[in-house]
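Protein chains in written order, with the numbering used here: chain A, 739 to 1256; chain B, 739 to 1256.
Hints may contain errors.
A pair holds if it fits inside one copy or across any two, identical chains being indistinguishable in the list.
To be verified - Below 16 Å or equal to it, Euclidean Cα-Cα: the simulated EDC-like pairs (lysine to aspartate or glutamate) are:
#1 K767 to D784
#2 K769 to D784
#3 K774 to D944
#4 K1149 to D1110
#5 K774 to D900
Keep in mind the hints are simulated off the structure, nothing from the lab. A quick note: this is a predicted structure, and the numbers were derived from the prediction, not measured.
So you can see what is in the structure, the chains are spelled out below.
There are 2 protein chains.
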Amino acid sequence: MNLLKNAAGRLVPLEVNGKEQIPFKGINKFKPTGNKANPPIRSCKDYPANGNKVVKDLQTALKIAGLKDGMTISTHHHLRNGDALTNILFDTIKKMRIKNIRWYPSASFPVHSHLIKYLKDGTIHHIEGSMNGPLGEFTSYGKMKGVGVLRSHGGRYQAVQDGDVHIDLAVIAAPTADSFGNATGDQGKSACGLLGFALADSEYADRVIVVTDNLVPFPCVPWQIQGNNVDHVVQVESLGDPAKIVSGTTQVTKSPDRLLIAEYVAKFVEDSGIMKDGFSFQAGAGGTALAFALFLKEKMKKKSIKARFVRGGSTKYLVEMLEEGLTEYILDGQTFDLEGVRSMHENVNHVNTSPFTSYNFHGKGNFASMVDAVVLGATEVDVNFNANVVTHSDGLLLHGIGGWQNCLFSKCTILAIPSFRDRIPVIVEKVTTLVGPGELIDVIATERGLCINPRRKDLLKSLKNSSLPIINIKDLKKEVNNICGGKPAKPKLNKEKIVAIIKWVDGTVLDSVYQVIE
Amino acid sequence: MNLLKNAAGRLVPLEVNGKEQIPFKGINKFKPTGNKANPPIRSCKDYPANGNKVVKDLQTALKIAGLKDGMTISTHHHLRNGDALTNILFDTIKKMRIKNIRWYPSASFPVHSHLIKYLKDGTIHHIEGSMNGPLGEFTSYGKMKGVGVLRSHGGRYQAVQDGDVHIDLAVIAAPTADSFGNATGDQGKSACGLLGFALADSEYADRVIVVTDNLVPFPCVPWQIQGNNVDHVVQVESLGDPAKIVSGTTQVTKSPDRLLIAEYVAKFVEDSGIMKDGFSFQAGAGGTALAFALFLKEKMKKKSIKARFVRGGSTKYLVEMLEEGLTEYILDGQTFDLEGVRSMHENVNHVNTSPFTSYNFHGKGNFASMVDAVVLGATEVDVNFNANVVTHSDGLLLHGIGGWQNCLFSKCTILAIPSFRDRIPVIVEKVTTLVGPGELIDVIATERGLCINPRRKDLLKSLKNSSLPIINIKDLKKEVNNICGGKPAKPKLNKEKIVAIIKWVDGTVLDSVYQVIE
Chain A
739 MNLLKNAAGR LVPLEVNGKE QIPFKGINKF KPTGNKANPP IRSCKDYPAN
789 GNKVVKDLQT ALKIAGLKDG MTISTHHHLR NGDALTNILF DTIKKMRIKN
839 IRWYPSASFP VHSHLIKYLK DGTIHHIEGS MNGPLGEFTS YGKMKGVGVL
889 RSHGGRYQAV QDGDVHIDLA VIAAPTADSF GNATGDQGKS ACGLLGFALA
939 DSEYADRVIV VTDNLVPFPC VPWQIQGNNV DHVVQVESLG DPAKIVSGTT
989 QVTKSPDRLL IAEYVAKFVE DSGIMKDGFS FQAGAGGTAL AFALFLKEKM
1039 KKKSIKARFV RGGSTKYLVE MLEEGLTEYI LDGQTFDLEG VRSMHENVNH
1089 VNTSPFTSYN FHGKGNFASM VDAVVLGATE VDVNFNANVV THSDGLLLHG
1139 IGGWQNCLFS KCTILAIPSF RDRIPVIVEK VTTLVGPGEL IDVIATERGL
1189 CINPRRKDLL KSLKNSSLPI INIKDLKKEV NNICGGKPAK PKLNKEKIVA
1239 IIKWVDGTVL DSVYQVIE
Chain B
739 MNLLKNAAGR LVPLEVNGKE QIPFKGINKF KPTGNKANPP IRSCKDYPAN
789 GNKVVKDLQT ALKIAGLKDG MTISTHHHLR NGDALTNILF DTIKKMRIKN
839 IRWYPSASFP VHSHLIKYLK DGTIHHIEGS MNGPLGEFTS YGKMKGVGVL
889 RSHGGRYQAV QDGDVHIDLA VIAAPTADSF GNATGDQGKS ACGLLGFALA
939 DSEYADRVIV VTDNLVPFPC VPWQIQGNNV DHVVQVESLG DPAKIVSGTT
989 QVTKSPDRLL IAEYVAKFVE DSGIMKDGFS FQAGAGGTAL AFALFLKEKM
1039 KKKSIKARFV RGGSTKYLVE MLEEGLTEYI LDGQTFDLEG VRSMHENVNH
1089 VNTSPFTSYN FHGKGNFASM VDAVVLGATE VDVNFNANVV THSDGLLLHG
1139 IGGWQNCLFS KCTILAIPSF RDRIPVIVEK VTTLVGPGEL IDVIATERGL
1189 CINPRRKDLL KSLKNSSLPI INIKDLKKEV NNICGGKPAK PKLNKEKIVA
1239 IIKWVDGTVL DSVYQVIE
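Full structure from sequences and hints, please.
Listed below in structure tokens is the structure:
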């Protein structure tokens, strides 16, 4: 394998799965050339005039759509761990004796461990997309035929838009759809809120199949996916397990350490002056992030401060803020619980966003860089503020990138993390896998105090009178190593075999993930 | 000029404005090849991270955007005859000494007669777009340098999507926008309802400038135009005259003849069995169409029948139907009065549609063919049910095509027209300009009775027991000629000079418009 050291000092391959790659050149350094992908021109004359595109079943749709060996098939992950359709899809492909599919999911979940047998028997050649859990482990041990390619949500849109990834067939699970292919995620027994992760697929794939367990008369309103981009519609009994598609309710952390981190972050947002009328923030659905949102909410109420917008992943806590008038809008990319789905359906100020609007780095700007503060997690952070979010210190690839890389462009990026987990330090000398370059990460908030990136002199200045414990990241590393009895054990890696690559938001290669020796 | 007789028997040029043309091949006969247009890939690194794309003024925006001689500049017509911006735009272009612009409006109105001086002095080379009134007259007399190209709303989207027309610069009037370029028409002092006619422009133009007289903090919700497609934002005092952008209220006809036509059409929709639960219809904002909607509404109420959807252009009459529960949705392409704007803003079941969803013939189907009945006008209809909507019998080009051609694909197309106007027969032997082929036109409804296209045996059958006066179109023509003292005078045309062409929905050339001798 031909490797090159990129601008972040990481060795990356110049070719992956037969496709030439561009090594990472630094933040804002790569200038894309050329033009966007351009799907074939279609004609209404080849589609039913009455708008009814329903075909008998998935196999029929795949056949008419021209499924062949070696094609790229995409799916979205809005059904999360409740997704039954993707497994049925590959069962069907297997039955049709099709081989060597490149699977291009927006993410995969433990439920998709069902597909390991198809990775083994050659039905699926390799996965390009986030791999949460078992599929990541399978890949880590060097068992996948091709090389995994991990992209952020925005990077996935970019790759499709720019023609880096050509999708032959998009299969879109739709909690509600009409026979024309208009589809939405905000209604139906399998409601997941929205379908933004499938937007690029619907726009750029050669053929688009919408699969629904709730077929309604035309028009399906809203049409988060536009039927004008859809070739076939398939009706099925069930898309999956509603209880695993969205949580009944999301849970705030009860851990005293995590609560302390959340409190620190909220206080940081207040003391730094970020929290002011018309500000904006984004926090995920993890326990710490939820606790942060609750602490911040109290502070906002106390000072009568109102946000202009809050970014989702939405949960009932954000919905409460919207309904109590503490924010004018939720700009949402995915809904994590039932309250999120309800609000998305009912409230016009709970706005559907997509990886195009929010995260696509190859657009004329995107929303991510307009957010005042974003609170994220990480598996590892190093003393130069570089962060890892996909592998653990043992080298296993167990998480996807999600919108994480895209969010780093916010005006203030805060990683809210415990300083160690299971007696393994999270603050390290050098991250196992580089997913976020340190120059974009401003604050590390741990239970032992906050580390401010020395590049952010403005933040240090604004915190001069704050009672927050501000500590040096190198001191923190030492302290944590002392507690844990030393730095993390070196992972057992086969450096000769790259099992996956990490793309940066502009499509260049930021780092390599190596085989873990079992 | 190299001319060829097309499948409709009309002589059309094989080259127009230096671009090769394909003659009309028949309904559903032309198969497009190739791929959609693909704009250059952009990068967030070249746009302000804080999202603020506001520049000082329009001239600055045009300069930064790289305005040059010979470029194509597009505008939309949602501000109708109240539009001040387009005139200011060309005043600015003139001031910048730029020449030979191809102006690509979605339509032009009498207010744009201001631009005739720029057509004369070479600032504007020619217009591709509907020309209502003075600009059409100017063109008819052979005074425009290039050849006018008239397209339907759907045809305009198709031309941009397919790369037939490359827009260098789109200038989008936005009644409300944020500094990122998100824009909407449903709010602001110049509110026009929606901005769908500018959708293709925003998606495919090299550079997009949003001009607003109501700049709001990010996010502008809804974003009918997505800021991710926008390069620059310009703030101006006023986009135009609100009273001429939308009517205070739309007027139902008071003419007894027109009322009779409207009543006939409503009775036809009832007697033919089209009016049943879950049906759909489209009628414009003309006086007869409005009267039809009111008559139909009474019939629906009487029989407790509810429509699934009604297509706008919306008016207060359609809004009343929505609010009274007589239709579940309005699928709207433009709002004609203040009530339409209000409803669009307030009611989630009053849905924003675009020429892409509704009319683009080079998509995977569109909405137009799903509508049960559509009521349209015409300037002339001939005995083969061919219709004209752009020229009068004197040959003058005075109207645009609008969505008219696209609507012909509905399940039942009804032209509701007086049999003569100003003592000139509307029913003729052969239309002056062919805009709609007769095989798509099902019913001609006049004050003297209804003519059913003989191809529609099903309709004739369903009307067997109806008391409607069904007449033969040839008999009607004779009767009307008798009343008017003969057929219309032959227009004085210079057949050597084509001043405009009429595109079909698939981009082929349906007919030519000739110079009128003054």
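We went through each hint and held it up to the structure:
no. : hint           : result
1   : K767 to D784   : between (44 Å within a copy, 10 Å between copies)
2   : K769 to D784   : between (39 Å within a copy, 9 Å between copies)
3   : K774 to D944   : both (15 Å within a copy, 12 Å between copies)
4   : K1149 to D1110 : within (5 Å within a copy, 52 Å between copies)
5   : K774 to D900   : both (5 Å within a copy, 14 Å between copies)
The structure fails none of the hints (numbered hints given earlier).
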